[in-house]
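So the sequence lines, in the order shown, correspond to chains A and B.
The first sequence begins at 1 in this note's numbering and counts up one residue at a time.
The second sequence begins at 213 in this note's numbering and counts up one residue at a time.
Think of the hints as simulated: they come from the structure by calculation, not from any bench.
Heads up, a few of these hints could be off.
To be verified - So, partial list: chain B residues that the calculated Cβ filter (under 7 Å) puts toward chain A: (1) Ile258; (2) Gly282; (3) Ser286; (4) Phe312; (5) Ile317; (6) Val414.
Even for Gly, the Cβ is constructed at its ideal location relative to N, Cα and C.
These are the residues of each chain, in order.
There are 2 protein chains.
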Amino acid sequence: MTRSKPRPRVDRKNLIIRRVSTYLRTLDHLQAKGVGIMSSRDFEKIEGVTQSLVRRDLAEFGTFGVRGVGYHVSELRDQLAHVLGLDRRRNVVLIGAGGFGSVLIHSESFKKRNLEVVQIFDQDPAHIGGSIEGIPVHDMAALEQELDADRIDMAIVAVAPPEVQGVIDRLGRLGVRGALYFASRAVRAPENMVVLNMDITVELGLLTYLLG
Amino acid sequence: MTRSKPRPRVDRKNLIIRRVSTYLRTLDHLQAKGVGIMSSRDFEKIEGVTQSLVRRDLAEFGTFGVRGVGYHVSELRDQLAHVLGLDRRRNVVLIGAGGFGSVLIHSESFKKRNLEVVQIFDQDPAHIGGSIEGIPVHDMAALEQELDADRIDMAIVAVAPPEVQGVIDRLGRLGVRGALYFASRAVRAPENMVVLNMDITVELGLLTYLLG
Numbered sequence: 001m002t003r004s005k006p007r008p009r010v011d012r013k014n015l016i017i018r019r020v021s022t023y024l025r026t027l028d029h030l031q032a033k034g035v036g037i038m039s040s041r042d043f044e045k046i047e048g049v050t051q052s053l054v055r056r057d058l059a060e061f062g063t064f065g066v067r068g069v070g071y072h073v074s075e076l077r078d079q080l081a082h083v084l085g086l087d088r089r090r091n092v093v094l095i096g097a098g099g100f101g102s103v104l105i106h107s108e109s110f111k112k113r114n115l116e117v118v119q120i121f122d123q124d125p126a127h128i129g130g131s132i133e134g135i136p137v138h139d140m141a142a143l144e145q146e147l148d149a150d151r152i153d154m155a156i157v158a159v160a161p162p163e164v165q166g167v168i169d170r171l172g173r174l175g176v177r178g179a180l181y182f183a184s185r186a187v188r189a190p191e192n193m194v195v196l197n198m199d200i201t202v203e204l205g206l207l208t209y210l211l212g
Numbered sequence: 213m214t215r216s217k218p219r220p221r222v223d224r225k226n227l228i229i230r231r232v233s234t235y236l237r238t239l240d241h242l243q244a245k246g247v248g249i250m251s252s253r254d255f256e257k258i259e260g261v262t263q264s265l266v267r268r269d270l271a272e273f274g275t276f277g278v279r280g281v282g283y284h285v286s287e288l289r290d291q292l293a294h295v296l297g298l299d300r301r302r303n304v305v306l307i308g309a310g311g312f313g314s315v316l317i318h319s320e321s322f323k324k325r326n327l328e329v330v331q332i333f334d335q336d337p338a339h340i341g342g343s344i345e346g347i348p349v350h351d352m353a354a355l356e357q358e359l360d361a362d363r364i365d366m367a368i369v370a371v372a373p374p375e376v377q378g379v380i381d382r383l384g385r386l387g388v389r390g391a392l393y394f395a396s397r398a399v400r401a402p403e404n405m406v407v408l409n410m411d412i413t414v415e416l417g418l419l420t421y422l423l424g
């Protein structure tokens with residue numbers, strides 16, 4: 001194996017951003033329930049993060065809330081969505097329309113986060129030429145011809161583990177700047193591409209460890 | 213809202229354990245490829261974690277590898293599986309046999325981690341009474357009667373966000389000690405229960421933040 005530059009590891013800022021994402025989901029939830037004002041103590045109770053950590057996390061991005069009053073839920077919600085870059089629409093390409101991919105596209109998570117799946121690719125002849133939620137499924141073999149790279153902001157990659165690296169490499173060459181994939185497999189991120197991974201086996205390992 | 217004790221936040225040890233889980237997946241992968249010996253530099257190249265961090269992480273749990281030689285892949289694999297508590301079988305109950313739950317049960321992730329789904333519960337009459345991969349699907353309404361609590365080590369909860377808290381509470385009362393759920397929603401963990409969450413909206417928020 002040849003030596004290559006290591007990718008940066010998940011750093012402190014990423015942990016803060018992940019927590020801010022959980023504050024945003026809590027604000028969404030409270031807003032839907034009609035709550036107008038909340039305190040950092042409410043974050044502590046709901047998300048299990050201490051009040052002081054909530055305040056420190058928020059202070060990274062500006063001054064929020066009113067001393068002695070708390071946070072205006074809808075205002076803070078919009079401010080944090082802006083911090084996370086979720087206040088404008090992003091176009092998503094979904095790679096893999098099989099089991100997990102099709103669950104994803106029917107989920108509320110994308111729409112709630114202003115993410116719009118605009119293209120789908122799959123290698124299964126049973127899917128190619130069809131459509132999901134009105135979005136046509138293209139042949140993965142024609143990715144280079146069919147991907148609307150100028151329009152795509154990020155990719156959701158729901159393919160089998162052995163295929164992930166190849167898919168990420170092709171997306172990188174086409175100029176796609178970000179991807180999230182779900183396989184239990186490390187990939188090398190192409191230069192100028194942000195690649196994140198959600199791996200259920202990692203959480204399962206943490207769970208069995210904590211259970212002893 | 214009443215005040216309650218905050219749950220502990222994800223701490224340093226959990227981060228180490230998550231990284232150790234990724235080392236394990238890399239070892240699995242190298243073992244499958246027939247690699248016998250590896251170095252911490254290989255971890256750096258594959259998982260993007262610096263060699264020194266790999267060494268520090270492993271040093272938390274013992275002395276591994278041979279100076280000047282490296283790590284024996286299959287030996288380190290078994291040692292880390294032991295550290296994570298994955299060297300013995302765990303019985304899993306799956307709550308929710310719909311879209312995501314059914315994808316999960318067909319995935320390799322459980323078996324690779326020595327986790328065996330032994331019971332399934334669902335509230336959908338279309339699933340109740342049927343079976344998935346030979347495992348009967350029970351009625352969620354009969355959880356208290358049908359759950360084989362003595363035998364269950366942990367739960368995988370794949371139900372809609374508004375239902376997660378109720379399901380976790382019921383599992384906690386039945387003595388289930390651990391659960392992993394996937395909704396974009398915080399839950400209060402019952403005492404003596406470890407509850408982990410994988411929330412795709414959190415990763416999507418990190419991705420859009422990093423893309424700017």
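Is the interface hint satisfied for glycine 282(B)? The criterion is a beta-carbon contact with chain A at less than 7 Å.
The hint is violated - glycine 282(B) has no Cβ within 7 Å of chain A, the shortest such distance being about 12 Å.
With chain A as the partner, please determine if isoleucine 317(B) meets the hint condition of a C-beta pair closer than 7 Å.
violated, 10 Å
Is the hint on phenylalanine 312(B) kept, meaning its closest Cβ partner in chain A is under 7 Å away?
holds, 5 Å
Isoleucine 258(B) as an interface hint toward chain A, with CB separation required under 7 Å:
Holds, because the Cβ-Cβ distance from isoleucine 258(B) to chain A comes to roughly 5 Å (cut-off 7 Å).
Holds or violated: the hint that serine 286(B) contacts chain A, with Cβ atoms closer than 7 Å.
violated, 18 Å
Checking hints one by one. Is valine 414(B) an interface residue toward chain A, by the C-beta closer than 7 Å rule?
At about 4 Å, which falls below the 7 Å cut-off, the nearest Cβ of chain A leaves the hint on valine 414(B) intact, so it holds.
Hint check: violations occur at hints 2, 3 and 5; the rest are consistent with the structure.
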